[in-house]
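J.: Given the sequences, and given the hints that come with them, work out the whole structure.
Chain by chain, the residues:
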Amino acid sequence: MKYVDEFRDGDVAQVLAKAIAAEVRADRRYNFMEFCGGHTHAISRYGVPDLLPENVRMIHGPGCPVCVLPIGRIDLAIKLALERGVILCTYADTVRVPASGGLSLMRAKARGGDIRMVYAVTDALKIARDNPGKEVVFFAIGFETTTPPTAVAIKAAQAEGLKNFTVLCCHVLTPSAIMNILESPEVRELGTVPLDGFIGPAHVSTVIGSRPYEFFAEEYRKPVVIAGFEPLDVMQAILMLVRQVNEGRALVENEFTRAVTPEGNEKAQNLVSDVFELRRSFEWRGLGEVPYSALRIREKYAEFDAERRYHLEYQPVPDNKACECGAILRGVKKPTDCKIFGTVCTPENPMGSCMVSSEGACAAHYTYGRYKDVEVAE
Amino acid sequence: MSGQVKKGYARPLDIKHGRVDMSHGGGGRAMVQLITDLFAKHLSNEYLAQGNDGTCLPLGQGKLVVSTDSHVVSPIFFPGGDIGCLSVHGTVNDVAVMGATPLYLTAGFILEEGFPLADLARIVESMARAANEAGVKLVAGDTKVVEQGKGDGVFITTTGIGFLPEGIHLSGDLARPGDVLLVSGSVGDHGVAIMSKRENLSFDAPILSDTASLNGLTAAMLASGANIKVMRDPTRGGLAATINEIAHQSGVGIHLEEAAIPVKPEVDAACELLGLDPINIANEGKLIAVCAAADADKLLAAMRAHPQGREAAVIGKVVEDANGFVQMKTSFGGRRMVDWLSGEQLPRIC
Chain X
145 MKYVDEFRDG DVAQVLAKAI AAEVRADRRY NFMEFCGGHT HAISRYGVPD LLPENVRMIH
205 GPGCPVCVLP IGRIDLAIKL ALERGVILCT YADTVRVPAS GGLSLMRAKA RGGDIRMVYA
265 VTDALKIARD NPGKEVVFFA IGFETTTPPT AVAIKAAQAE GLKNFTVLCC HVLTPSAIMN
325 ILESPEVREL GTVPLDGFIG PAHVSTVIGS RPYEFFAEEY RKPVVIAGFE PLDVMQAILM
385 LVRQVNEGRA LVENEFTRAV TPEGNEKAQN LVSDVFELRR SFEWRGLGEV PYSALRIREK
445 YAEFDAERRY HLEYQPVPDN KACECGAILR GVKKPTDCKI FGTVCTPENP MGSCMVSSEG
505 ACAAHYTYGR YKDVEVAE
Chain C
11 MSGQVKKGYA RPLDIKHGRV DMSHGGGGRA MVQLITDLFA KHLSNEYLAQ GNDGTCLPLG
71 QGKLVVSTDS HVVSPIFFPG GDIGCLSVHG TVNDVAVMGA TPLYLTAGFI LEEGFPLADL
131 ARIVESMARA ANEAGVKLVA GDTKVVEQGK GDGVFITTTG IGFLPEGIHL SGDLARPGDV
191 LLVSGSVGDH GVAIMSKREN LSFDAPILSD TASLNGLTAA MLASGANIKV MRDPTRGGLA
251 ATINEIAHQS GVGIHLEEAA IPVKPEVDAA CELLGLDPIN IANEGKLIAV CAAADADKLL
311 AAMRAHPQGR EAAVIGKVVE DANGFVQMKT SFGGRRMVDW LSGEQLPRIC
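Chains X and C supply the protein sequences, listed in that same order.
Quick note: the first sequence uses the working numbering, first residue 145, plus one each step.
Quick note: the second sequence uses the working numbering, first residue 11, plus one each step.
Just so you know, these hints were derived from the structure itself, not from any lab.
Check each hint, because a few of them may be wrong.
Dumping the calculated SDA-like pairs for lysine to any residue here, alpha-carbon to alpha-carbon at most 20 Å [to be verified]:
#  : chain 1 : residue 1 : chain 2 : residue 2
1  : C       : Lys339    : X       : Asp153
2  : C       : Lys339    : X       : Val156
3  : C       : Lys160    : X       : Arg255
4  : C       : Lys160    : X       : Ala254
5  : X       : Lys516    : C       : Glu330
6  : C       : Lys339    : X       : Pro197
7  : C       : Lys339    : X       : Arg189
8  : X       : Lys516    : C       : Asp349
9  : C       : Lys274    : X       : Asp153
10 : X       : Lys223    : X       : Met261
11 : C       : Lys274    : X       : Phe151
12 : C       : Lys154    : C       : Arg39
13 : X       : Lys146    : C       : Leu211
14 : C       : Lys274    : X       : Val148
15 : C       : Lys147    : C       : Leu174
16 : X       : Lys477    : X       : Met202
17 : X       : Lys278    : C       : Gly159
18 : X       : Lys162    : C       : Arg345
Keep in mind the model is a prediction, meaning the values are calculated, not measured.
T.: Okay, structure coming up:
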């Protein structure tokens, strides 16, 4: 496949693996967090850890939109589908996230909720047009990558006077989450999460640009290398991070120059700021309440805001006690540190959100890496 | 003077513009007419013509092999096939990969009120063609009609019957460390054909389903004399699910080489776009075989000599592993597990 296979070339990977091996110092460890689920998936799917020296460890960050969605938000969506009788449109992975009362969107669907999986918000718009007698709600989740399309949909709905379309907005912001991790006691004081640098988001950065990360690099002395989602991008970024650490630098570097500029996509940014405003606080699964970390729909588009139209009150719901998703999302624990990993919590029956999406740390390890947890004869 | 209805006159079935109505499942004349003028017209043979509640069949040589499969694919007509031929291929293949010679099929139709008779005729003709090509006869059938909104056009359940010659014993629990794994051709074609139709994706070269009967290929493989342990067709869940089934049934591990697995470039591209992995996607005209390492070349040559196995390849080997893990060396150079899918990746694929 042209323009894709070039970034998955096994021979080039070997060259990069040798370069990383030559660059790392034997007397220290390197702990890097890949923020995005897209990177987590690429690392697991292509077996990148097999090509890294033993003292380079990748920590899976919280950048999986499905994983950070708190139970209370799913509950709101389920309520809309079951009690208000709306057609609820959602991205596919979201349907399996466990919610209160043993429900999930998938189980709510089996109980008669009209819940439809869509590939894009434009599909939800079409469903609204095709069903003028029904109320249609788009369950909008995701980081800065999926926010501009939601903004476009809201503006389109306004332009064509679509009265039966609203958005349950759960869009969250990457920089606030990174800041939250860097400010956490485990990183700042306790040192239980040694963090030597970040692989910065790929698609998010195409929208927000590389500038927003400069603050972290400077203020917290952590190098950031923005990288694409292909496995060679990840390898190259690791090499660049190792070099920065060795040379004592803490800069924002951009491996993903084929798509990311310092300023990002200004048109998309303008769209987003026209339609959305900052929420004072938003609950993240794993991180808890994070100030100014999410978006809500502005007053002037209030008629498209499901929270306003249906007078929804957010009710926080604690995670399952045994579930370690919170600590795993912060990099404090590994999936295998969780007692219920692979026993009662499996992709078929996820207890926590990290076991749902293939971008989640637990599901990625379960699906692609759990053979490493037991001795296997060659 | 009132007109006299001609004796025995029935208005002919309006296949061009007519639709299935409740009377077509009601057990009266309309149902008989549908069966006679549509189903029997295309599918008839000496057994179906017996016209009794059950069909008497002569026994073949060896053991009886039976398999049954329901088909609910959406859309009903897809690039490369339709629910009719698929309902023949799917069941013929399940019998064929047992090493048996498929001979007979039964078919149960659940039709939704309002379904166009023209579409039904197209589906039945397609079944007849597929059955003819595979050398199987439809020997019994049933039709039911459900009210509009209670079905989705047409669902077809087929049962296949075949005979397994003495001396052939294939089973998912016979893979042993040292054996090799072969696939008969490119994977993911069927699922991606359905998906691209559903999502309105168009490509320069349309992706066609691989739906086909494999009994010719399985016969050629068995005739090669290679020591084949397992044959299976990787339908729902794709290559990944079927290989995991074999690993678990046999209590062994399996190591795959990603680079050796044939995938068409257009299928690869569509998977990239849809966020799917070709090894998880359904096939309807491919099979996996496990054979003794010493016979791998012989079997591969026999497969490649058959039109349906031209792209056959050795894709992995069986290893000792009580956990039954399937691992894959990625084209990138790393290793990872290949697991069953969780949940439903593509609903109503077959």
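J.: The structure should be examined with respect to each hint, and the outcome stated for every one.
T.: Structure-based check of all given hints:
no., hint, in the structure
1, Lys339(C) with Asp153(X), "holds (13 Å)"
2, Lys339(C) with Val156(X), "holds (16 Å)"
3, Lys160(C) with Arg255(X), "holds (17 Å)"
4, Lys160(C) with Ala254(X), "holds (16 Å)"
5, Lys516(X) with Glu330(C), "holds (15 Å)"
6, Lys339(C) with Pro197(X), "holds (18 Å)"
7, Lys339(C) with Arg189(X), "holds (10 Å)"
8, Lys516(X) with Asp349(C), "holds (14 Å)"
9, Lys274(C) with Asp153(X), "holds (18 Å)"
10, Lys223(X) with Met261(X), "holds (17 Å)"
11, Lys274(C) with Phe151(X), "holds (19 Å)"
12, Lys154(C) with Arg39(C), "holds (14 Å)"
13, Lys146(X) with Leu211(C), "holds (18 Å)"
14, Lys274(C) with Val148(X), "holds (15 Å)"
15, Lys147(C) with Leu174(C), "holds (17 Å)"
16, Lys477(X) with Met202(X), "holds (12 Å)"
17, Lys278(X) with Gly159(C), "holds (18 Å)"
18, Lys162(X) with Arg345(C), "holds (17 Å)"
Going down the numbered hints, you'll see the structure goes against none, and every one checks out.
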